[in-house]
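**Student:** Chain by chain, the residues:
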Amino acid sequence: MRPILAFEYFKLRKWMTTWILALILVGLIVLLYSVLWSISGQERTFGSHNQFTSEDLRRALFLQSAVPFSLSIVGSFGIILSVVLAAGAVGSEYSWGTVRLVATASRGRIRMIAAKLAMVCAFIAAGALAAVIVGVTYSAVITFANGGANLHFVTGSFLLDQLESYLRTLFVIAPYTALAFSLAVIGRSTMAGIGGTLGLILVEPIIGALMREAGGWWHEVPRAFPNSNLQIILAQNKLPDVLPRFGPSEEELARRGAYSWELAALLLVVYTVVFLVLALVAFRRRDITTG
Amino acid sequence: MSESQGNDQREILRIEGLWKRYGRVLAVRDLNLNVVQGEVFSFLGPNGSGKSTTVGIILGLIRPTRGRVLAFGNDMTKNPWPGLQRIGALAESAAFYPYLSGRDNLQALATLLGGIAPARIAETLEMVGLSQRAGDTFRTYSLGMKQRLGIAAALLRDPELVILDEPTNGLDPSGTAEVRELIPSLARQGRAVFLCSHLLHEVQQVSDRVAIVKDGRLIAQGPVTQLLRRGEYLRMRAEDNEPLKRALSAVPWVRGVESHDGYLRVAVPVHRAAELNRALSAQQVYVSEITPWETDLESVFLELTGEGAGR
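Protein chains in written order, with our numbering: chain A, 1 to 291; chain L, 292 to 602.
If you are wondering where the hints come from, they were derived from the structure by calculation, not from laboratory data.
Among these hints, one or two may not hold up.
[To be verified] Computed far set for chain L versus chain A, every beta-carbon distance over 12 Å:
#1 L317
#2 Q328
#3 A382
#4 P409
#5 S550
#6 S590
[Said to hold, decoys possible] Label pairs and their in silico Cβ distance ranges:
#7 L/R315 to A/E250: 51 to 59 Å
#8 L/R377 to A/A118: 26 to 34 Å
#9 L/G405 to A/I24: 43 to 51 Å
Each residue gets a CB set at the ideal place from its N, CA and C atoms; glycine is no exception.
Looking at chain L on its own, in the form it has when it is part of the complex (with noise of 0.2 Å):
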C-alpha cells in the first residue's frame, strides 16, 4: 500500500471529538479521526467498542451526544443529505426488502435515489458477481450472496466514500478474495474507503490507515506501517539467551529488550544490526539468530486492545 496522505489528497471526512451516550453507557468518547480521498482507511475495535455506533453516526442514522461528524465539508449531524448523497454504505448487516429480487431491491433504491442510469445497476450487479442470481428474490439468497448485493447498493451511486462495515461477513473464500482485492481497486478510483472489519489479515492487505477503538476511545491511529512498527525491532536468539540479554543492557542506544516464546525482541532499528552484531561481538556474545522483528496487525490489535490477554 502506498502511503496516501499526501499533502494534495482532499479530506473525506472528519469525525471531530465524538460522544455518544447510551443511558449510562459510553459508545463513543472524544472520538477525532480523518479519512482523505484515495485512501483505505479501517476503523476496527472488539465488539461493543463503538465501531457501529461511529458509522451510524456518520450516517446521519444516530444523533450523537457532543462533537461533529463532517462529510465532505457537510455537517451530517445537522444536515446529513448533502453528505449521503456521495457516500455509499453497507452499515452492519445487508438489509433488503425479502420478497423483491436482488435486482428489484437495487431498482427500488435508484428510484428513491434518483439519476441512476439503468445500465448503473446490472454493473454494479456484474461487480460484485451476482448477475446470475439477479432475477432470485433476496429471502433466498445466502449471507454471502446478500453481503454482494449489500456492496452493489454500496456502489450503486458511484460513492466518493465507501462505508463497509465487516463486508467480508458471510462471504466464502473466493469471495473474500474477490473484496479483497475491489477495496483497494475503489481507492485506487480515487474514492476513499472506510472500512469496519474483524478480519485483520485483510485489513493489514488493504489498509493505508488504521484507527483502534476500545470502549469507544481511540486508542491508536496511523499508518499501518506504523502501527506494525516495522523495522523499529530485531528478532534475536542466542544458544542461551539470558548472556545476550545482560549484554543487550549495556548498549547504551539499545531502547528495551523483552522476552518471547524463545526470542528476544529488541528495540533497535532494523538497520543498526550489524553494529549491533559488533557490539555483542566485542562483549564475546554471539547470537544464532538475528532478523527483522515482523509482527502482523492482529499482534498489534490484541495488545493494544488487551484482547489477546489470558491467550
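Pulled out of the complex, with its shape left as it was, chain A reads as follows (with noise of 0.2 Å):
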C-alpha cells in the first residue's frame, strides 16, 4: 500500500489546484478575521436584541475562541472546497486518461481508490489544520496587540476540547466528500463529482424548508438530510455567540426538533459508508476506458 499512496501524496502535493483550494481557505479566514477586527474598531452593538458591544466582539477575536472560530469558516465553506479537492482528484484521472496508467500500474483497484481516498483525507485534515494554524497566528497577533496576553485558559481540558472540535470538523466534512468522490467516481468526471454534490448542498436546505411546510410525516425527512446531522454535530463546536456562526446555534436546531447528537453522527457514518461502497463497487466493477 505504501507506493500508491506515496505515488498519490506525490501528485496532490504537485497539483496545483490542491494549493489553490488550500490559499483560498487560508484567505477567508484572513479575511474574515480583518474584516471582523476592523469592525470591533467601531463603537456599535451587534447582536439580534442588541446585546454584544464592539468590545465583546474583539474580545471574541481573541486566541481563546480562535481554534473554534477557524474551525466554523472549514466546516462550513471548507466542506465547498473538500468537495472540489476530492473530485477532482479522481475526475481528473479520467478526463487526462491517466486512469488506464494508474489502473495497470497498482495492485489492484481497490487499493487504488482506497489509495486515492485516502490521500485526498490527509491533505483535506492538512488544509484544516493549516486553516487553523493561521486563525490562530491572526488571532495571537490580534490578542497580544490589544494587551489580551494572558494564557490562563490553556488547560488541559481547554486543549482536548479544540482537538474535538478539530475532529468533529473533519467529521462533517466526510459524507459530502465521500459524495463527491463517489459521484465522480460514477460519473467518470470531475463536474460530476462538484456538479451533483454543491446541487445537494444548494437543494436541501430549501427542499428541507419545503418538507416541513408541508407537515405531516414531510415534516420528518429532513431531519434525516445529511446537512440538518451536520449542523448538529457542528452545533457542538463552542464558539462566543457575537462571532458569525455559519450554520444553525443549538436552540434553532433544539426548536425544529433535531436529532441527538450521537443519533446525527450515526446518520453521517452511514451516509458516508453508503457514498463510499457505491463509489468502490462501480470502480471494481466497471471497464476502465477513457473518460
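Now that you have both chains on their own, put them together as the hints suggest.
**Tutor:** Okay, structure coming up:
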C-alpha cells in the first residue's frame, strides 16, 4: 500500500489545484478576521437584540476562540473546497486518461481507489490544520496587540476541547466529500462530483424547508438530511455568540426538533459509508475506458 | 525478419475464445491468438474492429464477456497484477499528468511500480530521445513527444511483453524511423512486442507475425511472409493478355489467373516460372514480362478487410 500512497501524495502535492484550494481557505480566514477586527474598532452594538458591544466582538477574536472560529469556517466553506478536491482528484484521472496508467500499475482497483481516498482525506485534514494555524496566528497578533496576552485558559481540558472540535469538523466534512468522490467515480468526471454534490448542498435546505411546511410525515424527512445532521455536530463546537455562526445555533436546532448528536453522528457515518461503498463497487466492476 | 515461432520459444500471451459485448455491439468475437518470446506480433484492423478493446482486456482494464487471456500463464481476466508486473504498455494515446514534467511523470510511475532504480528513468528518457525536454511539463509537449514519453513509460519496468498501440501516432518521420528501429531491437533483447498500428508499411518492416481483425473477428493470422503469399504468384504480361489467359487456363497445374492493372496474377509457385514459360511457348504464346508477384501488407489488409472496396 505504501507505494500507491506515496504516488497519490506526490501527485496531490504537485497539483496546483490543491494549493489554490488551501490558499482560498486560508485567505477566507484572514479576510474574515480582518473584517471583524475592523468592525470591532467601531463603537456600535451587535446581535439580534443589540446585546453585544464592540468590546465583546474584540474579545471574541482573541486566542480563546481562535480554534472554534477557524473551524467554523472550515466546517462551512471548507466543505465546498473539500468537495472540489475530492471530485477533482478522481475526475481528473478520467479527463487526463491517466486512470488507465494507474490501473495497470496498481495492485488492484480497490487499493488504487482506497489510496486516493486516504490521501484526499489526509490533505483535507492538513488543510483544516493549516486553517487553524493561520487563524490562531492572526488571533494571537490581535490578542497580543490589545494587551490580552493572558494564557490562563490554556488547560488540559481546553486543549482536549480544541482537539474534539477539530475532529468533529473533519467528521462533518466526510459525507459530502464521500459523495463528491463517489459521483466523480460513477460519472467518470470532476463535474459530476462537484455539480452533483454542490447541487445537493444548495437544494437540501430549500427542499427541507418545503417539507417542513408540508407537515405530516413530510415534516420528519429533512431531519435525516446530511446537512441537518452535520449542523447538529458542528453546533457542538463552542463559539462565542457575538461571532458569526455559519449554521443554526443549538437553540434553533432544538426548536426544529433535531436529532441527538449521537444519532446525527450515526446517520453521517451511514451516509459516508454508503457513498464510499457505491464508489468502490462502481470502480471495481466497471471497464476502464477513456474518460 | 526471422521466423519467430521456433519450438524453443516460450509462449508469453495466449488469448482463448475471447468475446466482448457492449450492449448490442459485439466488439470482439471468438478471438484466439498467441504471442511468443522474441517476436513482434502485429494486431491490425480498421477503426472500430476491436483492437483497443482487446488491448484493454489484456491489460485487465476491460472485462471480457467470455474467454480468457493468459499472460505468462496468469489469467488476466481474474487477477491481472502478476501478469501486469511483466508487461509495459502504451495503450491508445499516451496519458500522463499534464502539470508534471516528463521526468516527474516517470518518477511518479516508478514510485507506484516500486523497485525501479532512478537511473532507469534517465535511461528510458535517453532511449526515446526526451532527455533534453524531460524537465518540461507534459502539457507543453507536442503529440510526438507525448508518444515518446508513453513508450518510455512502457519500457520503465523492463517488461517481457511490450504492448504498443499506435506508437508512431504524431511522430515526425525521424521519430517514426527511430520507433521502427526500436521495436525489432526490443524483440532481439528477448521481449515479445504486441503492436497495433495503422501504418502498414511500418508493420510489414518490423513484424514477424500479423493478425488481422475485422468487426471483432480474426480474419487472418500468420507470419508476414505467409500473409503476403510471397513466392506463390507470378506477375505476367503479353502483348495481348487474352490469348495468354486462355493458354494459362489450359495448364493443369495453374491454380488461378486474375487480371490486375494490365497484368495477370497467376497462381503458380515462383520456382516453376521457367517450366510455365516453356509450357506457354509450346502453345505459341510468348510472354513479354514474367516476375514474382510482389505484394505488400497494405494490399493484403485492404483485400481481407474489404476496406479497399470502391478505391
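**Student:** Is it the case that L/A382 keeps its Cβ farther than 12 Å from each residue Cβ in chain A?
**Tutor:** At roughly 6 Å from the nearest Cβ of chain A, L/A382 sits no farther out than 12 Å, so the non-interface label is violated.
**Student:** Could you say whether the range 43 to 51 Å given as a hint is met by the Cβ separation of L/G405 and A/I24?
**Tutor:** violated (35 Å)
**Student:** Are all beta-carbon distances from L/L317 to chain A longer than 12 Å?
**Tutor:** The claim stands: L/L317 keeps its Cβ more than 12 Å from every Cβ of chain A (closest is about 15 Å).
**Student:** Starting from the hint 26 to 34 Å, judge whether the C-beta atoms of L/R377 and A/A118 obey it.
**Tutor:** Once the Cβ atoms are compared, 28 Å apart, the range 26 to 34 Å for A/A118 and L/R377 holds.
**Student:** I want to verify a distance hint. Is the separation of the beta carbons of L/R315 and A/E250 within 51 to 59 Å?
**Tutor:** holds (58 Å)
**Student:** L/S550 clear of chain A by more than 12 Å, beta carbon to beta carbon?
**Tutor:** Consistent with the label, L/S550 stays out of reach of chain A, its closest Cβ about 45 Å off (over 12 Å).
**Student:** Checking a non-interface call: every C-beta of chain A should be farther than 12 Å from the C-beta of L/P409. Is that right?
**Tutor:** The claim stands: L/P409 keeps its Cβ more than 12 Å from every Cβ of chain A (closest is about 14 Å).
**Student:** Confirm or reject: L/S590 is not an interface residue toward chain A, with every Cβ-Cβ distance exceeding 12 Å.
**Tutor:** holds (32 Å)
**Student:** Confirm or reject the statement that L/Q328 sits farther than 12 Å, beta carbon to beta carbon, from all of chain A.
**Tutor:** The claim stands: L/Q328 keeps its Cβ more than 12 Å from every Cβ of chain A (closest is about 21 Å).
In the structure shown, a violation is registered for the earlier hints numbered 3, 9, in ascending order.
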